[in-house]
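Visitor: Sequence:
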Amino acid sequence: MFRYIKQLRTLGIGETPISVIPSNAFIHTPNLIRLEMSEAAVDAIENGAFQKTPLLQAIILNKNRLSVIRQDLFQGLNDLYSIDLQGNRIDTVEAFGFANLPGLRHLDISYNQLQTMPFNTFNNSFEPIPNDRRVIFACANPWLCDSRLEWFRQILRDNLDIDIDKPECVATCISSINGCPPEGTPLRSNDFCPIFDDSQLQVPLSSGALSFVGWIILAVILTILLISICLLALIRYGMSHRNKKMKENVGGDDQHRIVSSAASVYQASIFDQSHSVGNIGLNLPAAHTLENQPNYFM
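Per my numbering, the very first residue in the sequence shown carries number 1; after that it's consecutive.
Keeping only pairs whose Cα atoms sit at most 27 Å apart, straight-line, the calculated DSSO-like set for lysine-lysine is:
| id | residue 1 | residue 2 |
| --- | --- | --- |
| 1 | LYS63 | LYS166 |
| 2 | LYS63 | LYS52 |
| 3 | LYS6 | LYS52 |
Hints in this document: simulated from the structure, not taken from any laboratory.
Since the model is a prediction, treat every value here as computed from it, not as a measurement.
Build out the structure end to end from the sequences listed, making use of the hints.
Guide: Structure below.
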């Protein structure tokens, strides 16, 4: 597109529906010093897109759809003075996202979704120069003022020449986990809150951790199920053994009663027989003694 205008110094293509800036977009404009792409619906910038224009001093990408600032996005742009990223959807700045930019004096990251930034975000950038003010517009972001952001807040306290607010737009803290600092506390203010170790913060579980927890829960459920089955088997065995013993006891009692009944019947029959024999009448003549018997001897 820009093949025949290699001496182009300023390029403005705002309000143009361009979702991706390809890596070779500015390969034919090596002398570009100002790039303006406001309200262009940009949501992705390929690796090396800006490195083809090493003389860039100003990049205006406000009111687009960017969400991440990569470490390599502005790498090697030593003359870069101003970056305007206000009104995007930025919620992540990678380590060294704005680092190693010795000429950077103006950065607008207002009206985004930033909660925190790595401690090395501005390494070797925004170095103080006498009689020169620096700008890091940071208002209208949901800053979480915990220990991870304390480095940035301390830089702002130590360097009052850095402007962070706009008219009617003040950089403040959102409500924190422990309630300190209170919601609405200015980002630069001293709040005297205790610094909590990051290990005390609630960090969402990774997919691997969630999978491990799931396996643990499954193992616990299977263990409970196995124990329940064993208990049921023991209960059934105990009941069966008890019923068997009861049947054996009942059978023994019946046999004993039968034997006792038979013995009683037998004894009763013997007694009846002896009693009947004693009462039999034999109609025998009366017995005589020798004295009473008639004597027929001569």
